Amino acid sequence: MTTSPSAGAAVLAAALALPGMVPTVRAESAPESAQIGFKYLSYRDSQPGLKRVSVDAPSVSWLVPVAGSWSLAGSYTLDSVSGASPRWHSSISGASRMSDFRRAADLRVTKYFARSSFGFGTAYSTEHDYRSNSYSLQATFSSEDNNTTWAVGVGRALDRIDPVNAVVVDEHKRTTDFLLGVTQVLTPNDIVQANLTIARGRGYYSDPYKQIDERPRERNQAALMLRWNHHFEDPGASLRTAYRLYGDSFKVDAHTLSAEWVQQLPRGWTIAPSIRYHTQSAAKFYYDPVYDPLLGEPFPPGYLTDPGGYYSADHRLSAFGALTLGIKVTKAITKDLNADFRLDLYQQRAGWRVGGPGSPGLATFRARFVQVGVTHKF
Amino acid sequence: MRATIVLSLVLATAGCSSIEPVSPWQKGNLARPDMTFEGDGLESRFLEHIYQSKENASGGSGVGGGGCGCN
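Quick note, the sequences are listed as chains P and S, same order.
Our numbering puts the first sequence at residues 1 to 378.
Our numbering puts the second sequence at residues 1 to 71.
Be aware that one or more of the hints could be misleading.
25 Å max Cα-Cα, derived DSS-like pairs, lysine-lysine [to be verified]:
1. P:K377 / P:K328
2. P:K335 / S:K27
3. P:K377 / P:K111
4. S:K27 / P:K111
5. P:K331 / P:K377
6. S:K27 / P:K377
7. P:K284 / P:K251
8. P:K377 / P:K335
Honestly, the hints are just simulated from the structure, not real lab data.
Values in this document were obtained by computation on a predicted structure and should not be read as measured data.
Sequences and hints are given; from them, build the entire structure.
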């Protein structure tokens, strides 16, 4: 295998990154015990008759309480990526094999008060042709009875892109995002959450390793996430559900639904089957695999008359539906030591889109992700 | 995108004033790990980034993500 970084590098440049994403939290007290976790992720994807990208990513995360009202948390991951991804639609060039390493780390400091918390996070991710730094601030405020918690946050990411094929040199992308969220206890067995995130990005959004890929230099995104967890006393299980409504300035609208049933079993075992469905419309500049009669593949019809327009044949910008079936098994080995295994099977098909027709002419995309982990509290 | 923001504002202003308050001693089940929204941090982030790189949608969970060269 060569080390020519190619499409796959861009595809998964930080696909498995663990940047400083600060999760929204209910107001909570500072953690009482330290925790360390190890996780190993194996990712494989394919299209009919073709194995594409493989990723192996060991990672470690940790959390330490400090001085009673502070916490320090972080993670580190090392990805090794190999394989190939399409240069347009479902077509893969024989020259696009690649292998790459990526390192990512993040750190988060949180100060807790009686009914509020304030956090700062930073993250760093690097590989041979892509570098990212991000920073975030987040605060939570709870009502007197701690049944309602508001969360606000702001984040800033600075990415540098320097592809080895020198299609562009020292390009960048700057993104600012905002969060407004509320979490509400409804009953002793029900809790709901609504989060709105808005992101405003400027810079290089094209894929330097794909042919005929020219995207706008700005992208605004909004996502509304609604979540509801319900606990069933009798079978000793929790149902975790979520719905996300998404829209962006590329004119992609998406709906994502997920549900997970977490069933407690005797002797410290837990089993959690899950299902996730996603449907999206195509970006306004995505073109179907119908090519210019003069230029042929991969040029879109009319390319000669408007060569400076926006075009992309990236199948991820097409209209499709996707389904994931997952299962997770956890075993509490001791009071402070847990081991877990998770398998997810994922498929993307144009015919599975709901809310409109899927994009024609694309091969079914399949992926399998496996996670194995242990967590220890001190 | 506009619909997403408008729906959020409607939900926010609808309020939760009619909800019967839950007392601290009734929150045993809500404190269970499987009832928190954070869940398994590393796992959630792995999955989020896989989906972010294979689909054209992201967000709704937090801020300061960045680092995705997955276009």
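Status of each hint after checking the structure:
Taking the CA atoms of P:K377 and P:K328, the gap is about 20 Å. The hint holds against a cut of 25 Å. As the CA atoms of P:K335 and S:K27 are separated by approximately 21 Å, the hinted pair is consistent with the 25 Å bound. For the given pair, P:K377 sits about 21 Å from P:K111 by alpha-carbon distance, which is consistent with the 25 Å threshold. With a C-alpha separation of about 24 Å, the suggested pairing of S:K27 with P:K111 holds against the 25 Å cut-off.
Restraint check for P:K331 and P:K377: satisfied, since their Cα atoms lie roughly 14 Å apart, inside the 25 Å limit. For the suggested pair S:K27 and P:K377, the alpha carbons sit about 23 Å apart, so the restraint of at most 25 Å is met. With a CA separation close to 6 Å, the supplied pair P:K284 and P:K251 stays within the 25 Å bound. Between P:K377 and P:K335 the CA atoms are separated by roughly 9 Å; this keeps the pair inside 25 Å, and the hint holds.
Hint compliance for this structure: every hint is met.
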